[in-house]
Every structure is written in C-alpha cells, then in structure tokens.
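Asks: Protein sequence lines, in the order shown, are assigned to chains A and B. Be aware that the first sequence starts at 542, since it is given in my numbering, and climbs by one per residue. Be aware that the second sequence starts at 666, since it is given in my numbering, and climbs by one per residue.
Just so you know, these hints were derived from the structure itself, not from any lab. Note that this is a predicted model, so its numbers are computed, not measured. Please note that a few of the clues may not be correct.
Taking CB as the label site, the calculated pair distances span [unchecked claim]: (1) B:745 / A:553: 30 to 38 Å; (2) A:558 / B:693: 40 to 48 Å; (3) B:746 / A:596: 40 to 48 Å; (4) A:543 / B:758: 21 to 29 Å; (5) B:679 / A:558: 43 to 51 Å.
Here a beta-carbon is modelled for each residue, glycine too, at the ideal position from N, C-alpha and C.
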Amino acid sequence: GAVVSQHPSWVICKSGTSVKIECRSLDFQATTMFWYRQFPKQSLMLMATSNEGSKATYEQGVEKDKFLINHASLTLSTLTVTSAHPEDSSFYICSARGQVQETQYFGPGTRLLVL
Amino acid sequence: RKEVEQDPGPFNVPEGATVAFNCTYSNSASQSFFWYRQDCRKEPKLLMSVYSSGNEDGRFTAQLNRASQYISLLIRDSKLSDSATYLCVVNRNTGKLIFGQGTTLQVKP
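Pulled out of the complex, with its shape left as it was, chain A reads as follows (with noise of 0.2 Å):
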C-alpha cells in the first residue's frame, strides 16, 4: 500500500514553544491531506482537511490560529501547533489521499508532550 510518514515522531517540548510537524506521501500525490487529533482511550477526531495549494478546512471548535495548517505541494502538509500548552499534548496523525483514489492511507502518528 501507499507510505506516508511523519516527523517527528515524537516531541517533548515547553509551554508556550511551537511545535511543527510533516507529514509526507512518498509514493503518491496526495491532493489532500487530513490532521487528526486522538486523545487516550478517545477515537481520532479530525482536526482539519487540506487540499494542496488552497486554505485547510477546519472542523468546528478547532482553532486554526492555535493549529496552522500548510499545503504547500502534493507530497507535504505540515502542522504546527503555536504557544502549545499541557491541554494540546495528544497523537496527531495525518492521513493522506490521492486524486484517484478513496482510500486514506494514515501516517505512523506524532506523540506531542507539552510540560
């Protein structure tokens, strides 16, 4: 199947730093990308869903100037989520899906640690 990773894996920083993460389609051109957010023993929730050269779409009671979402081209969105605090510490993953295609393919997830 189709391979999206993600960087990095996983981070521990301060209260208050920003935090960004990538999330590539390797062998495909993912013409949109999904950010999810999951929380322990909670299902993924998705954050926001972007299509590549044009503005995230962000569910409702996501903030998109807290996480900021870009597409810049078919094989890389990045999220960063700015002035992270102890609440935002969660597994973010994004998934990724090509023009043809419905399938999503997940990439392996990125633990955030906010102390």
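With chain A's structure known, arrange chain B on it following the hints.
Replies: Relative to chain A, chain B alone:
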C-alpha cells in the same frame, strides 16, 4: 449523541473463539463504511471495507444494514495477534472519515 457509536469493551476471549463487534451510525447520508484496526500507540490500519451485500476476508466478515444504520464485524477462530482496538469508520458524503471510539479485543491463550 456521537455520530458513530461502538461498545468500547474490552472483549476478553480465548484463542479460537468467535467474537462479534457492532457499530451504529447516525448520519443516513453516510456513503461508505470501513473497519480499521489500531494497535496500541500506532496509527489505524484499514482492515476491510463494508458492503451491504456483506463481505468476507479470511476469518473476518463484515456486514452493513443501511436501514438500521448498523455495521458489524465477525472474527472467527481468534488469534493472539488479533488483540487490538477495532475502529468503526464512516465516510460522509464530503469524503471525511468519522471514527468510532473503538472496541478493544484481548485474545487470551
């Protein structure tokens, strides 16, 4: 009410047992349906799509009842390696995936 509801379990079963998971969804406009598997601290992986006619993949059988907005997954002859969380996933007509909370399965020797 959550858009996709699952019994979180855990389901503890012995090796070789047959186990069934159920899921209900509330949005009747949902277009496609899936079961994903998620291992501890890992990303979800697609297990199988679910069709109204029912579909089978080895020991796994999935069924969709659109009238009742109900999805099921049956696992026969459980293996230790089947221990995981099984996520019921619905694709809205916008293409967005909506995940259930997941059902945890523990297969014991």
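Asks: Indicate, hint by hint, whether the structure satisfies it.
Replies: Quick rundown of the hints versus the structure:
no. : hint                      : in the structure
1   : B:745 / A:553: 30 to 38 Å : holds, 33 Å
2   : A:558 / B:693: 40 to 48 Å : holds, 44 Å
3   : B:746 / A:596: 40 to 48 Å : holds, 43 Å
4   : A:543 / B:758: 21 to 29 Å : holds, 23 Å
5   : B:679 / A:558: 43 to 51 Å : holds, 48 Å
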